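Which chain is which? The protein sequence lines are A and B, in order. Quick note on this note's numbering: the first sequence kicks off at 768 and runs consecutively. Quick note on this note's numbering: the second sequence kicks off at 768 and runs consecutively.
Some hints here could point you the wrong way.
Which bits of chain A does chain B cover? Going by a derived footprint, with three or more residues having C-beta under 8 Å, they are [what the hints assert, rightly or not]: (1) 811-820; (2) 886-895; (3) 937-948; (4) 998-1011; (5) 1060-1073; (6) 1133-1139.
Honestly, the hints are just simulated from the structure, not real lab data. What you are looking at is a predicted structure, and each value in this text was computed from that prediction instead of being measured. Note that beta-carbon positions come from the ideal geometry of N, C-alpha and C, so glycine has one too.
Here is what each chain is made of, one letter per residue.
Number of protein chains: 2
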Amino acid sequence: MRDVAIIGVGLTQFGENWDQSIRDLFAEAALKAMESAKIEKVDSLYVGSMSSGLYAYQEHLGSLMADYVGQIGVPAVRIESACSSGGQAVRMGFLDVASGMHDIVLVGGVEKMWDVEDGTFVLATAADQEYEVYNGVTFPGLYAMMARVYMERYGLTREELAQVPIKNHKHGVNNPYAQFPFEIDLKAVLSSSMVADPLRLLDCSPITDGAACVILCPLERAKEFTDKFVKIRAVGSASGPIAFHDHKDLTRLDAVKLAGERAYKMAGLKPEDIDFVEVHDCFSIAEILVAEELGFFDYGTAGKAIAEGQATYGGKIVINPSGGLKAKGHPVGATGVAQIVEAYLQLTGQAGKRQVSNARFGMTQNMGGSGGSCVVHILEAM
Amino acid sequence: MRDVAIIGVGLTQFGENWDQSIRDLFAEAALKAMESAKIEKVDSLYVGSMSSGLYAYQEHLGSLMADYVGQIGVPAVRIESACSSGGQAVRMGFLDVASGMHDIVLVGGVEKMWDVEDGTFVLATAADQEYEVYNGVTFPGLYAMMARVYMERYGLTREELAQVPIKNHKHGVNNPYAQFPFEIDLKAVLSSSMVADPLRLLDCSPITDGAACVILCPLERAKEFTDKFVKIRAVGSASGPIAFHDHKDLTRLDAVKLAGERAYKMAGLKPEDIDFVEVHDCFSIAEILVAEELGFFDYGTAGKAIAEGQATYGGKIVINPSGGLKAKGHPVGATGVAQIVEAYLQLTGQAGKRQVSNARFGMTQNMGGSGGSCVVHILEAM
């Protein structure tokens, strides 16, 4: 396999983008990425999107976006794996370059979520319709069950759980693309609306419009385009049961553990080698469970460790320097690509006030459903 | 890149499968494919499906199917490119094996179309919603325009056009998995309901439930599993404008030409080397246009050539020995994989009464929308 580099990135503002259609969002991020990589033509294109059919009544996104960004003719497909669609699209782009099939590959993710009334119904299509959703449960309820069991088993308090979104909003203040770039305090979290006990509104990632793109090429060609590039050191992916009742333990996410192990093995690295990680904090409890599955903290300890400041600057590892899904926003298909964008910016020293100093290895972890799919990338500064 | 083989295939009956859900369909085809390849475990999984969100209110198909066929844990994603989703999924599986990332890859396609009332609305999400569909056009209308221009320009008669579905139904009689395994005559075509002038009901592929799967592995390992395997000699893919009004010529399908050229180049072959081809005859005119873009007939001549018997056994090339989308059925996400299944059966001498004798090279051509995407595979007998 050839080594693969990232040579350019692009993001739209995350938020309620009423004046942009799904194609406008993608094009803005794609053209920014192509400009940053100083290229005008790509060889192949991937679009991660969870549910453009239900959110925008538009399938066939690969070709639509290829056309709209001036690349008509190139092979182009959409990749879907619920909320991990973006990260999986990057994985497909990686395979495309690694195999030797194509050199310059545009990978983007996009979701236009604000144009439908019942976004929660659409998101629930990532769960098992026949066995879960028809019985009335949606994602806040599923993650609430994880939180309830974890808090009971490990003695995590409601106040400690609140420190996850508080920390992520603190990071998000320094992200100009974030949907909610402001701090929140304990009182705000604890007094926000109850969504699914014990999860309150400020434990939940928001509904977001947005897009993110990256440009990949063979590592050996990266210098032709830019001196700001990173290497994709490893990728690991795994499936898990999409039906939550098939999880063997309600506080464990087997697909995350498996994807992480595969990435560490491919990279020849360990958790202690990683300087920062972008994790899929769709709900505050998710960040805690994921941080444990990826080996950054022992089982049952991540909640308290995050509350004690071990997951921010100066701690054991910086988790979600971008602000995470909570503060940055969660346009589902775009999220996995946006995580890679953040890792690229950090590893090329372009992260501004949220820069993690001397970062050499960055990890991204993108997840679908209640742990039904996961893809982990490890990026290396060059 | 490593050479890639197909070592097993599986199909469900195509038709109105009221007693099977989308997961049942996929599992039946997948387990048949695994049984035929004599394997119990795969390393990676791809699912082609156009619109499981709108047809079955279920996204996240990669992990769902991995779980349902006993392969939980493997990397699994869904690939979407409208009606070429299945063929594109095979392309992704090919890259996965060719790159060296995984050895045993299950690729399937599935669509469960009969469970919703307005299937035509769902199919129209493969066209440009904002510029085409909102103005009232759906696919029968788009292909009717192609037919009208072609007939006017090249003098093709309505009776000659009817010979495409008549020929495909004749082939389909010998396909035990076909939705409509019976012959139709000229009178039946010309007296069937008008759908979009000049296209009548029997010019149109049907609404179909179904699934198809193949197992890929490195060519050098194929003999470990079976003596019935074929080589994927080449794959070519291209995007085109998904909005029909952006086609430069209404009788041309640029993405098909480009995908075909790429496949021929990769294979080092020419149209005259191909013994049979499965083409995407979503409407009768489509088979004619595609046969020209792939170089089997000169522009403007394929309609008459097919009417004269040049595309059946004993002619210049056998087009759609399976019965094509028209007689076999068109479960959109499954179609591209089912084409590969047919080519595998032909090239391993397992096609029964529809066997193309002495076939060495078989081609498949799978298309999205009104030519918005295309993927072409060339398979070689071993």
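Item to check | Stated coverage of the segment 886-895 of chain A by chain B [criterion: 3+ residues, CB within 8 Å] | outcome: With 5 residues close enough to chain B, the hint holds.
Checklist entry - Okay, the segment 998-1011 of chain A and chain B, do three or more residues pass the C-beta test at under 8 Å? => result holds (count 7)
Next on the checklist: Closer than 8 Å Cβ to Cβ for three or more residues is the test here. Does the segment 937-948 of chain A pass it with chain B?
Outcome noted: Violated - the segment 937-948 of chain A has 0 residues with a Cβ nearer than 8 Å to chain B, which falls short of three.
Item to check | Assertion that chain B covers the segment 811-820 of chain A - criterion: three or more residues, beta-carbon distance below 8 Å | outcome: Per the Cβ count (4), the hint holds.
Next on the checklist: Can you confirm whether chain B covers the segment 1133-1139 of chain A, using C-beta to C-beta distances below 8 Å and requiring at least three such residues?
Outcome noted: Satisfied; 3 residues make the cut.
Checklist entry - Per the coverage rule (Cβ-Cβ under 8 Å, at least three residues), is the segment 1060-1073 of chain A covered by chain B? => result Our answer is that it is violated, as 0 residues pass the Cβ test (under 8 Å) against chain B, missing three.
Going through the hint list in order, the structure does not satisfy hints 3 and 5.
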